[in-house]
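Working from the sequences, and respecting the hints, build out all of it.
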Amino acid sequence: MQLFKQLWLGTLCASTALAQSEADHWTVDYLQPPPGVSLEVGGMDFLPDGRLVLSTRRGQVWIVENPLADDPADAKFSLFAEGLVEGLGLNVVNDELYVLQRTELSRLSDEDGDGLCDRIETLCDGWGVSGNYHEFAFGLPVDVQGNFYMSLNLAFLNPKWWHGKSPVPYRGWVLKVTPEGELLPMASGLRSPCGLGLNSAGELFATDNQGDWMAVCPIFHIEEGGFYGHPASLDWTKEYQETRTFASDTNPPTVPRKNAAAWIPYDWSRSTGNLVFDETGGRFGPFAGQMILGEVTNGLILRAQLEKVRGQYQGAVFPLREKVGAACRVEFAEDGTLFVGMTNRGWGGHTPADGLARVRFTGVTPMEMLSVHLVSDGFEVTFTEPLDPASIPSPESIGLQDYDYDYWWEYGSPERHHRPISVQSATLDSSGRVLHLKTEPLSAGKVVRCKFEGIKSSSGLPLLHTEFAYTINELVDGPLSTETVVKLVPPPPVPESEESGWLRLTWGDALDMWNSSGWELVDAELDRDDPTRFATQPGVNALCNTGSAQPSDFVSKIEHGDAHIRMSFMLPEGGHSGLLLQGRYEVQLADVSEVSAAASGAVGGQAPSRSAHLGAGAWSKLDIVFRAARFDAAGNKTENALIESLTIDDVLLQENLELTVLSDAALGGEVPMGPLCIRSEGTSVGIGNVQVKSLQSREDDRDWMPLFDGGLEAWTIDGAPSWEYDDGSLYAEGKKSHIYSPRADYRNFELRAQVKISEGGDSGIFFRSSQAKGWPAGYEAQINSSTSDPQKCGSLTGFSPRVVHLVPPDTWFDYRISCRDEGQGTRIRLWVDGVLVNDFFDGARTYATGQIAIEQHHEGSALELRDLEILEFED
Amino acid sequence: MNCMILTALLLTSPALFSNETHAPAFLDRSAQELYLANCASCHGVKGDGQGTAQLERRARSFVDGGFSYGNTPEAIRRTLLYGIPGTPMPAWKDALTEEQIAVLADYVIELGPGLPPAPSNTELVIADRPMVVRGHLPPISSSAETQPRGLLLGMPNGFSFEYRTDDLRLLGMRQGRFVDRTDWVGRGGTALKPLGPVVLLESGGAPPPTFVQNSVAGRFDLRARLRGTRVQGDKIWVQSQLLNIQGQPVAEVEETIHSLVAPFGSGYERVWRVRALDIPLALEFAAIKPSAASVHLESLPQWRTQQGRKDLRTAHPALAGEILWLLPDLPIAVHPGQRTEFVLGRIQLTLEAQAEISEGK
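So the sequences go chain by chain: A and B.
Numbering-wise, the first sequence is residues 1 to 875 according to our numbering.
Numbering-wise, the second sequence is residues 876 to 1236 according to our numbering.
Calculated from the structure, these hints are not laboratory results.
Check before you lean on any hint, since a few could be wrong.
Interface residues of chain B toward chain A, partial, derived using beta-carbon atoms under 7 Å [stated by the list, open to error]:
#: 1; residue: Val1008
#: 2; residue: Val1091
#: 3; residue: Thr1104
Derived pair list, reagent style DSS-like, types lysine-lysine, alpha-carbon separation capped at 30 Å [claimed, not checked]:
#: 4; chain 1: A; residue 1: Lys557; chain 2: A; residue 2: Lys637
#: 5; chain 1: A; residue 1: Lys735; chain 2: B; residue 2: Lys1068
#: 6; chain 1: A; residue 1: Lys756; chain 2: B; residue 2: Lys1068
#: 7; chain 1: A; residue 1: Lys735; chain 2: A; residue 2: Lys756
#: 8; chain 1: B; residue 1: Lys1164; chain 2: A; residue 2: Lys736
#: 9; chain 1: A; residue 1: Lys487; chain 2: A; residue 2: Lys451
#: 10; chain 1: A; residue 1: Lys736; chain 2: A; residue 2: Lys693
#: 11; chain 1: A; residue 1: Lys308; chain 2: A; residue 2: Lys258
#: 12; chain 1: A; residue 1: Lys693; chain 2: A; residue 2: Lys557
Glycine included, C-beta positions come from ideal geometry on N, C-alpha and C.
Encoded structure:
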């Protein structure tokens, strides 16, 4: 087979220039877990008899017989253990199986030989688990002495979900566990260190995940006592303990930081998995001794080639194989097959989202950069094949630039201080395989990114991958560096952290706030057999237009003016859709990877500033700050609508873009208020988590009157004394009770208040109501975010329900109620956070006049309500 | 305690206590006859929960569907076999045959609107092998704390036992469906959802350490540290070390726990095998002091038999409390190199049992 391919390539090369594809060199196939099993792989190793054993995030351990079978269907899975609490690390040591759970390192055994684990022994559980959801424990390399290595994720807490904290020992540390079970803290400063690996010299490396204090995903060489940048874990160092110092959330620590051996460019990795070293003796390709890394978000395999320069590791990162899946774990089998354990549940990213892939070298060596070495006057780049001298690009056409990052508490860092580096010469050595790039002087504390165009091997093959990113911690000569790649910068101000003001338009009942047909709530991922469509099953992860052959557009019942809008989306191969702001201005959503007016983030013919496209099947987050067009009193437009900013996955794609072009699907001419609309354009699209925050001015200088002017004294309490009032704020907690306003003749009015309801809490503002047995008789504006009553905030209880969960519990929101007689009936409108969410006409005028009342529904419910005010009308 | 009500209950619900009167088999009778004879007094002739017996809390309406203690035919058979501790639902395993219980389980399911859909794919269902689950557990009671490290032992008979792992304390006992792995969604790490209602709560869900060491210098808490779990046949062994106040291990412990079902109540029996490491230890239970409602097991070795339980009932008429402790002789002497086995039982008396005792007076 191998010989045949080479012959075939040789034949073709003789006649014409060839394109290489990754699949020519590394094939990918997938083993098939038993039906219904979600194999969320967190750890892998081989038993001495060649069976593969893997642990999953579901706390299961599976044994795979025949994992190397030619036909993936011949690999057979059997469940060995379940009931563990995650398994993000696994190792077989001297025939014994060790699994790293979230809460303990355990030895698993089958004492009676029935193929099922019956004994789980705790080797070590000496670290803290506070209960925070993000406290993963990752592992599990073992050195020749039998020591285990593991790392602990920080807890992710307020003020935003991604802020890393170390509430219990040793969150954010790399730890060693001796064979006797003793826990030895090794190094601090990690954030979400998903992958650990040892090289053949026993040196330990760790990957981490970009976020606060972690500019992009790094590869660290872990040294005893080292601090790697995230301050939270410092709380458990001896120095901080002795001096009772606590790490600041926002101010950088003064502890010296270790450098990363490599910072992986954001477009290559956003969630790095684990790492292994290629010790396959060429059975995986030409990269002997180099580091192979899994990548979860982009679903690919990366390669790092590190070298020691003046005592420190640094080096180059390259892509190796795309379109594998959410590669959380990689492990080599004896025959050089790279097993890829996939999972991205809750983390997002490329599909397949779980399962087991095999990446196998076809035996055909690619034309590729083998290694990059820093030399005193530039770089020496070694290729796998001799170069065609005629293909060597002119020095000025070689794209070389360097940049660095910010060291701060913000989530990730943009590349900073981009600087083109001029190449003075590019010369080939006598072997024809080493290209010497002589450059202007390079700087330490930078990442150099290089892109080659046009280079071919002597047999005419182009480069399979044309780029590398080399991290320079030290130059090869001159004074030792005092710079780090990730630079200390003044900490940015802490922004508003509240989620207040956001309306969740697709939570709870996802279709309630929308007019649509052919849209359904499902679990969707790319169909493996036909990636131009989704494979869907009942679920809740995606709203897809897959429910009928000709789905409608998805149009919100609410309208927005100035607004901040967030939404997730996913497309199949070749898929396209669009988000119409106000149902007029179209933001492209498309599976297009080039920067063009057809790519995601393009608006009205204006291409995005760069491509933020993750590929088909990957979820992306769209974030838009929109300003509506302005009109004068006569209805003439005075200012264009504007996109203040548009980001996809935090990458800024549009800024201050005036909107002058209406979509061909626009619902009409330009307006102050219009709905959101997601298009069905003949292909599938998945969306989720659509949220809107109104930025409309809520200034209102009408004569609002406080309703609790004299406190609660004049109000009537019907029920338990569950009420407290203090300076404009009303609190209700305790047994069922209602309070009624002193006046009972309220007829036409608006009411407004700020309201917060507890998890499991239920309340309401009644109006035109009167005391009755059980519950007040009157209209009720519902206050309920999370009870089993389907009528949630924004409902006119019993008349016009809102079953979408617009507002989370324990979150302040603005509630405005308008109750006005119109003709023979009464029109009632409800606004939540400035957005009209309910407009109901009660033709029967069920209640004509009455009291205002507030409800305390049940013990366990807690209501806070402040600034309850009324504006009455004569009519 | 209202003796009138209880008397009425006794009269109208003969099956609750007088196993002997039901000794003849009903094998040749129809399911309906079985139901009318054994169940209808509480659950109503139609299965609507409107029986003639006066109960403190109404019996389940089968017509409305939903079974708190498990909705599969197996779970309902288990409820019939072992009763529901803390409620008037007695155990029928001595009064009815397995076939009769199966017939009745099918019958009460028929009375209802049909079974709810099959368990979600995150629910762990126990078949014939006990299951050990580690995970984050929610507070077992409104006053208890969440347990980031928790241990659930699930038994094929539908009972499960909930421990906190850090110092291995038993928090309570549940009955019914096992557990929903609610940590299998999102990023995980969230608390699991044990599905069976709590039928027995240990010290409000915040129990003291199990053992104290009684020495000439005083009484010292011994902290248990989990060392492992082992499934063997229908038992789960939990292995631990006991640490003294200096944190040094002083003993190795293996514990197994299982449900106890007696006609007058239900609870658990914990069996320990303890081996001291260096010096002999005198162990006592931190929370349990012998009282009127405790029985020294050594004085009643045959108590597991029916006759023994009858003896227990008549020999201890003073059992008016809610918990009956079955205790070994205290303190328990354990020695290095020698494995000492002892048993602690706890029975939550049913209301009827107390009533019967009152009647007995």
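Take the C-alpha atoms of lysine 557/A and lysine 637/A, compute the straight-line distance between them, and say whether it is at most 30 Å.
-> 25 Å, holds
Would the pair lysine 308/A and lysine 258/A pass a check requiring their Cα atoms to be no farther apart than 30 Å?
-> Distance of about 14 Å is within 30 Å: holds.
Grab the minimum C-beta distance from valine 1091/B to chain A and call the hint holds if it beats 7 Å, violated otherwise.
-> 33 Å, violated
Satisfaction of the valine 1008/B interface hint, Cβ to chain A closer than 7 Å | 4 Å, holds
Between lysine 1164/B and lysine 736/A, does the CA-CA distance stay at or below 30 Å?
-> Violated. Lysine 1164/B to lysine 736/A sits at ~41 Å, over the 30 Å cutoff.
Sort out whether lysine 557/A lies within 30 Å of lysine 693/A, counting only the CA atoms.
-> Given that 30 Å is the threshold and the Cα spacing comes to 15 Å, the pair holds.
Is lysine 736/A close enough to lysine 693/A, meaning Cα to Cα at most 30 Å?
-> With Cα atoms ~33 Å apart, lysine 736/A and lysine 693/A exceed 30 Å; violated.
CA of lysine 756/A to CA of lysine 1068/B, is that 30 Å or under?
-> 27 Å, holds
30 Å Cα cutoff - pair lysine 735/A, lysine 756/A | The hint holds at about 18 Å.
Hinted contact threonine 1104/B with chain A - closest CB pair below 7 Å = 5 Å, holds
If you draw a straight line from the CA of lysine 487/A to the CA of lysine 451/A, is it 30 Å or shorter?
-> This hinted pair holds, its Cα atoms lying about 25 Å apart.
Satisfaction of hint between lysine 1068/B and lysine 735/A, Cα-Cα up to 30 Å | 27 Å, holds
The structure does not agree with the numbered hints 2, 8, 10 stated previously, though it agrees with the rest.
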